[in-house]
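K.L.:
What follows is the residue order along each chain.
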Amino acid sequence: KAGVTQTPRYLIKTRGQQVTLSCSPISGHRSVSWYQQTPGQGLQFLFEYFSETQRNKGNFPGRFSGRQFSNSRSEMNVSTLELGDSALYLCASSWGQGLTEAFFGQGTRLTVV
Amino acid sequence: AQTVTQSQPEMSVQEAETVTLSCTYDTSESDYYLFWYKQPPSRQMILVIRQEAYKQQNATENRFSVNFQKAAKSFSLKISDSQLGDAAMYFCASSRVNTDKLIFGTGTRLQVFP
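Order-wise, the sequence lines are chains A and B. What the first sequence shows, in my numbering, is residues 1 to 113, in sequence order. What the second sequence shows, in my numbering, is residues 1 to 114, in sequence order.
Bound conformation, chain A alone (with noise of 0.2 Å):
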């Protein structure tokens, strides 16, 4: 069975592109959650998507955007990049029916230069 598949796994981009990462869960699994790790703030919940509704929303600003297509696959965009946008981007999925466990991919490394 495959695992949490993310793509690309390192991307270096130059401040004010934007950038767009994607997400495919395990077969079956219905919700995906993305989440920014940095050193300074630590992992920072950024959405999670269940049948494609953004279920829940962490406190970034409107420049970080996701969605969620029918096949459950991910998307997260961040638009006009900043140099604190650098860090390594995670993205979970589970069933979606209470929590049970949320497996993670191996993430995306953001450079922002």
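In case anyone wonders, no lab produced these hints; they're calculated from the structure. All values derive from a computational prediction rather than experimental measurement. Just so it is clear, CB atoms sit at the ideal spot from N, CA and C, and this is done for glycine as well. Treat the hints with care, since some could be wrong.
Stated by the list, open to error - Chain B is nowhere near these chain A residues, computed Cβ spacing over 10 Å in every case:
hint, residue
1, Pro-8
2, Gln-44
3, Arg-55
4, Phe-69
5, Gln-106
Stated by the list, open to error - Computed cross-link-like contacts, SDA-like style, restricted to lysine to any residue with a CA-CA straight-line distance of at most 20 Å:
hint, chain 1, residue 1, chain 2, residue 2
6, A, Lys-57, B, Phe-104
7, A, Lys-57, B, Gln-6
8, B, Lys-55, A, Glu-101
9, A, Lys-57, B, Phe-113
10, A, Lys-57, B, Glu-29
11, B, Lys-55, B, Asp-81
12, B, Lys-70, B, Gln-6
13, A, Lys-57, B, Thr-27
14, A, Lys-57, B, Ser-82
15, A, Lys-57, B, Asn-98
For this one, chain A is given, so just place chain B on it according to the hints.
P.N.:
Just chain B, lined up with the frame of chain A:
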């Protein structure tokens, strides 16, 4: 709002010994879940153990066990017979029921010495 606090930035233990990692939390929810996640150098988060708040019995998974003190809002992780492969960052996390939103602590870096 939920908060999770880990007051030990770093801990160390000798192989085969026992170590306890501390975690306190705050929540206004009557029912919730608590978790310990491990993040090795590969950066992939791995669930170590999970505790449902309504269960009084402490969760156990092989060498890993928790001490869940609901009144004190404390949730510590005990690792017995420590192994070199246990070296990692350990994150305590909480979640409300019926949501996958995890609130993480700041983490404890565990070093295991041979």
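K.L.:
Now tell me, hint by hint, if it's right for this structure.
P.N.:
Hints, verified against the model:
1. Separation of Pro-8 of chain A from chain B is adequate, the least Cβ-Cβ distance of about 14 Å exceeding the 10 Å criterion.
2. A Cβ of chain B approaches the Cβ of Gln-44 of chain A within 10 Å, the least distance being about 8 Å, so the stated non-interface status is violated.
3. For Arg-55 of chain A, the non-interface assignment is contradicted: its Cβ lies about 7 Å from the closest Cβ of chain B, within the 10 Å cut-off.
4. Distance check on Phe-69 of chain A: its Cβ is at least 17 Å (rounded) from any Cβ of chain B, clearing the 10 Å threshold; non-interface status holds.
5. Remark: the non-interface label on Gln-106 of chain A conflicts with the geometry, its nearest Cβ contact in chain B lying 5 Å away (cut-off 10 Å).
6. At roughly 15 Å between alpha-carbon atoms, Lys-57 of chain A and Phe-104 of chain B fall within 20 Å of each other, so this suggested pair holds.
7. For the proposed pair Lys-57 of chain A and Gln-6 of chain B, the alpha carbon gap of about 24 Å is over 20 Å, so the pair is violated.
8. For the hint linking Lys-55 of chain B to Glu-101 of chain A, the alpha-carbon distance of about 17 Å falls within 20 Å, and the restraint holds.
9. Proximity of Lys-57 of chain A to Phe-113 of chain B is assessed by CA-CA distance (about 41 Å); at most 20 Å being required, the pair is judged violated.
10. With a CA separation close to 18 Å, the supplied pair Lys-57 of chain A and Glu-29 of chain B stays within the 20 Å bound.
11. With a C-alpha separation of about 26 Å, the suggested pairing of Lys-55 of chain B with Asp-81 of chain B is violated against the 20 Å cut-off.
12. Distance hint between Lys-70 of chain B and Gln-6 of chain B is fulfilled; the C-alpha atoms sit about 16 Å from each other, no more than 20 Å.
13. For the suggested pair Lys-57 of chain A and Thr-27 of chain B, the alpha carbons sit about 18 Å apart, so the restraint of at most 20 Å is met.
14. Using a Cα cut-off of 20 Å, the hinted pair Lys-57 of chain A and Ser-82 of chain B is violated, with the two alpha carbons roughly 38 Å apart.
15. Only pairs whose Cα atoms come within 20 Å are accepted, and Lys-57 of chain A paired with Asn-98 of chain B is accepted, the gap being roughly 15 Å.
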